[in-house]
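Numbering (this note's numbering), first residue to last: 1410 to 1847.
Treat the hints with care, since some could be wrong.
Said to hold, decoys possible - List of simulated lysine-lysine pairs, DSS-like, C-alpha gap at most 25 angstroms:
hint, residue 1, residue 2
1, 1686, 1831
2, 1689, 1668
3, 1668, 1686
4, 1610, 1577
What the hints assert, rightly or not - Label-pair ranges, simulated between beta-carbon atoms:
hint, residue 1, residue 2, range
5, 1706, 1677, 17 to 27 angstroms
6, 1631, 1567, 12 to 22 angstroms
7, 1683, 1754, 16 to 26 angstroms
8, 1762, 1601, 56 to 66 angstroms
What the hints contain is simulated information worked out from the structure, not anything from laboratory work.
Where is the CB? At the ideal position from N, CA and C, for every residue including glycine.
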Amino acid sequence: MKYLLRSGLLLTAAGFALAACQSGDPDIGQEVINPNTLQMQYVDSITVRTSTVLMPDSFVTSSDSSVLVGRWNDPRTGTLTGSGFTSVDYVANDLGGRKGLRLDSLVLELGYSFSYGDTTAGFSLNIHQLTGSLSNSQTYYNSSSAGYQADPLIQYTFRPRPNDGTKKIRMRIPNAVAQSFFDRLIAKEINDTETMTSFWKGLALVGQAPANLFLAFRMVGEQTGLRLYYHANDIGRTASSLRFPLELVRFSRLVVDRKGATLEPLQKATDAVTSDKSGKATWVGVGIGLRTRIEFPALGDFIRPEDFVGLNRAELFIQPIRREVRDNAPPPEQLALFQTNRQNELIATVPAGSSGAEAATALYGFLPNELELQDGYIFNLTQYISQVIRKQTPNRPLILTVSADRVNLRTVVRQVTLGDQKSTTDRIRLRLLMTSNS
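Taking the hints into account, I'd like the entire structure generated from these sequences.
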């Protein structure tokens, strides 16, 4: 059984039992009650219902410096496929009109940005030429697309090495295409962005591995580009190279196919699949388009301890179903809670802490050097839960998701499976520390 982290310490039932033997917060009702008579009672029997709902929002991918390629298949959530699209940019050069130059090769270089998933197997990457150019004035989203030729320009299988410093992938462009490009540069037929685009409308990066894996390639910087190698027909055969960047326009397309998956019933924003119909689990992930809906159906009517004075602390414990932290598939670094309605819209933040002055967010944490993984998210909902108990605020359902300001390609691929209240190991729990007058 897992326990959770807060401020580097384990909070267990035993820890709460120790707190229950101590006097309560002397600020609670001290004007009418002797603080020395206050006692703490720990309650974790509050019913918590969870379900998985859709994340309907699209997000911009053309502002990211990388493109995402790969596939992630889960029989419960479906198959997420990522593909990248990029322009081939013109750079000023002195090749036009020069004599005595010979082409050596044209090489596509791709620098790694990050990986997510199993990198132990080979990755098959296909490079296709686009059938139409990309627009520098257009904003591209995860749902955007661009047509490309059916036959790949390059087919390349390799074992990913994303953590090997400046190591990059190098793929040779077919000789006929490379020679044609070189000849047009020499003939001054390619001499600006417009003529470059007429030859290179852009590239599509499509690929997958036998296992679940996404690779992000950095488009901005010296590591990536279309590099032209040539030499002069002089005595020294002077060799030179010229790099054409791939960074002016780029975006990633992400497509989810839930056909045949456990969560296939999710078709519109109001749909929900309860955890008891999905293996006592729910999901959160931007790329897979999923959020978790949380409800406390009886929170305003539960039986309070005898001589109840107030709520000392309320924490929502959420545990991922995960075996180890070395799986190269970390969950979202931070999750946030929002109040919602029947349409599963985000209508308001959830106040956090004892004062409710901040929005409810929680960082993923785990205890290192443990034989069994102990990890999770902890939300301090003291002020909010107190108001619900006292019926000073509506007991609305909550949505657990990744905050919009945290959405980028790195957070997009991260997803997490969460155990429900009836899960045997990783569970969601609402823990209350109640103050009563002994």
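Quick rundown of the hints versus the structure:
| no. | hint | result |
| --- | --- | --- |
| 1 | 1686 / 1831 | 12 angstroms, holds |
| 2 | 1689 / 1668 | 21 angstroms, holds |
| 3 | 1668 / 1686 | 16 angstroms, holds |
| 4 | 1610 / 1577 | 24 angstroms, holds |
| 5 | 1706 / 1677: 17 to 27 angstroms | 23 angstroms, holds |
| 6 | 1631 / 1567: 12 to 22 angstroms | 21 angstroms, holds |
| 7 | 1683 / 1754: 16 to 26 angstroms | 19 angstroms, holds |
| 8 | 1762 / 1601: 56 to 66 angstroms | 58 angstroms, holds |
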